[in-house]
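S.K.: We have chain A already, so just place chain B on it with the hints.
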Amino acid sequence: MHFITLTYTLIKTQIKILLHYRLDFFLGVAGSLIQQVISLVFLISIFSFFDSLAGLNLYEALFIYACFEIVRAIDQVYNDGIWAVAWVKVRDGSFSNYLIRPLSPLYQIITEKFKLESITSLLVGLVLLKIALNNIAHELSWQECIYLVFFIVNALIIFFSIKLIAASLAFWLTASGEVMTLVYEFSQFAKYPVGIYTKNIAKFLVLFIFPFSLGISAPFVFLFGESIQFLQWEFGGWSLVILNSVVTIVFFAISLFTWTRGIKRYEPTGT
Amino acid sequence: MMQSYIGYFRASYKEAVVYRFRLLFMLMSPLVLMIVQYFLWNSLYDSTAEPLFGIAREQYINYVFVGLAIGYLTANMVDLFIADDIKTGMITSIYSRPVSHMFTWFAKFLGGKIVELVIVFPLIIVLLYLGSDSITTSAVVAFSASTVMAIFLAFLINYLFGLMSFVTTNYWGVMFLKGSLIAIFSGQLIALDAFQHFDSSLLESVVPGRVIDIVGPFIAFVGYLSDVLPFKGIFYIPSGIYSGIISSQYEIYRGLVHQLTWVLVLGISAFVIEKKLKDNLVVLGG
Chain A
1 MHFITLTYTL
11 IKTQIKILLH
21 YRLDFFLGVA
31 GSLIQQVISL
41 VFLISIFSFF
51 DSLAGLNLYE
61 ALFIYACFEI
71 VRAIDQVYND
81 GIWAVAWVKV
91 RDGSFSNYLI
101 RPLSPLYQII
111 TEKFKLESIT
121 SLLVGLVLLK
131 IALNNIAHEL
141 SWQECIYLVF
151 FIVNALIIFF
161 SIKLIAASLA
171 FWLTASGEVM
181 TLVYEFSQFA
191 KYPVGIYTKN
201 IAKFLVLFIF
211 PFSLGISAPF
221 VFLFGESIQF
231 LQWEFGGWSL
241 VILNSVVTIV
251 FFAISLFTWT
261 RGIKRYEPTG
271 T
Chain B
1 MMQSYIGYFR
11 ASYKEAVVYR
21 FRLLFMLMSP
31 LVLMIVQYFL
41 WNSLYDSTAE
51 PLFGIAREQY
61 INYVFVGLAI
71 GYLTANMVDL
81 FIADDIKTGM
91 ITSIYSRPVS
101 HMFTWFAKFL
111 GGKIVELVIV
121 FPLIIVLLYL
131 GSDSITTSAV
141 VAFSASTVMA
151 IFLAFLINYL
161 FGLMSFVTTN
171 YWGVMFLKGS
181 LIAIFSGQLI
191 ALDAFQHFDS
201 SLLESVVPGR
211 VIDIVGPFIA
221 FVGYLSDVLP
231 FKGIFYIPSG
241 IYSGIISSQY
251 EIYRGLVHQL
261 TWVLVLGISA
271 FVIEKKLKDN
281 LVVLGG
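So the sequences go chain by chain: A and B.
Quick note: the first sequence, position 237, residue 237 per the working numbering, numbers continuous.
Quick note: the second sequence, position 280, residue 280 per the working numbering, numbers continuous.
Chain A extracted, bound-state conformation:
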């Protein structure tokens, strides 16, 4: 209960900040909308030339794209503060502030900044998902909705873990903003179906090293009875659920491990 009231108060503060910088907020929303519209136009214009992308038609590719937008938007809304840890907070010693308060540092980092602008991206993602589903002529049953939510939560954990691992490196490297930017860039792979990565090494990268694609493509592959091929293995149905869950848990565990290890190692610079 204490956490709920605390979180509520913190969100209220965030909204106050946004209302204070109204023009900036408005421009951010406009920028986000423009990007959404153009990305969509990009997708459509590709399909005006081609019938398929790695065997998927427009709406199937749109489904994956929508999942990507939804996951990335939610991640941006609640998990944006971690960037500051990677870029400056460890380097300039302001990370110490988290350690002297009677709350988990991770909780403080998450609640410190809610990027509410990204809610527009989330809405666009949901609309795209609806459009895709309508045109694939597939009505989701309630079980399928649960699977979808399950996979999206897993994808969110994958995003969270990879970002946390990269940010934790700051405890060893003083600042890891560049590393984190590089690692986060790999999420771009997840916008498109795994099938376009024809080289095994690339597939290995997007499935196991930076498993953004595994997380994002999973709902499509599972719900529409497809499969992901890697070498002689084929992941579809329940084998995909297992693979997806194992990778998620492993990454989550590694991230918590590096984070706690890093905090123990942390030495403020005092400047």
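Errors might be hidden in some of the hints.
Straight-line Cα separation of at most 20 Å, DMTMM-like style, residue types lysine to aspartate or glutamate; simulated pairs [stated by the list, open to error]:
hint: 1; chain 1: A; residue 1: K191; chain 2: B; residue 2: D46
hint: 2; chain 1: B; residue 1: K87; chain 2: A; residue 2: E112
hint: 3; chain 1: A; residue 1: K113; chain 2: B; residue 2: D84
hint: 4; chain 1: A; residue 1: K199; chain 2: B; residue 2: D46
hint: 5; chain 1: B; residue 1: K87; chain 2: A; residue 2: D92
hint: 6; chain 1: A; residue 1: K115; chain 2: B; residue 2: D84
Treat the hints as calculated values from the structure; they're not laboratory data.
Since this is a predicted model, take the numbers as computed values, not measurements.
M.R.: Relative to chain A, chain B alone:
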């Protein structure tokens, strides 16, 4: 006077050299995007025999690759630093110095870039010679000139966006807007030819007619805007010249003139706008 700018230049250069590790990672980030683009476009070209938007496979892949290298050369965070100075009030101490704010930043920008310029730029030129048998010296000269102007333009665009913080105080939203505008209108997302070669009748099988009526003119409008706005000068023009997408003498000249015009227009605007905004500066208590 010149001495102080050289000082800024050297300080910034030294910082770049000291944080070599950081530089290495910054070099690798565009590489990731290149890989995604490579697979995406290869996969797309695999499913068609015809050139896309009038561009052949090798040309497009070259366009994307060199474009990302240019994106790397032009990348800078001048806007973020300026916005931060404005928000924190530091800007008042900067204005009290007897140097031009814009030239100071330009000197710092060049100082930070010089190492990358010396490594990346010759590499691109060598690859350009190795990659194509028919490459002419005039194309190499045009490409070099275009890249230099792209660097100037990228600086000016960032500088002007940074100045917007005078009006908005916060910079998150503006930064987002900048990112979107550059992605679309510079040709980073897709070669600008796509907008010009867009044939809305092809959409008939995938979307309802009502949507085509909106999407068609909308894309034409985006194509028109991208042709007029300065953004194509930081990506599409140099990459287009390199890859041969812009190949006729007329088109090359047109591109270079476009860049030069915008460098002048934006440079002068930055001076004028900053002077105006400075007079209305409000800094919250320090």
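S.K.: Hints first: check each against the structure and report whether it holds.
M.R.: How the hints compare with the structure:
{"no.": "1", "hint": "A:K191 - B:D46", "verdict": "holds, 19 Å"}
{"no.": "2", "hint": "B:K87 - A:E112", "verdict": "holds, 19 Å"}
{"no.": "3", "hint": "A:K113 - B:D84", "verdict": "holds, 17 Å"}
{"no.": "4", "hint": "A:K199 - B:D46", "verdict": "holds, 14 Å"}
{"no.": "5", "hint": "B:K87 - A:D92", "verdict": "holds, 19 Å"}
{"no.": "6", "hint": "A:K115 - B:D84", "verdict": "holds, 18 Å"}
In this structure, every one of the numbered hints holds.
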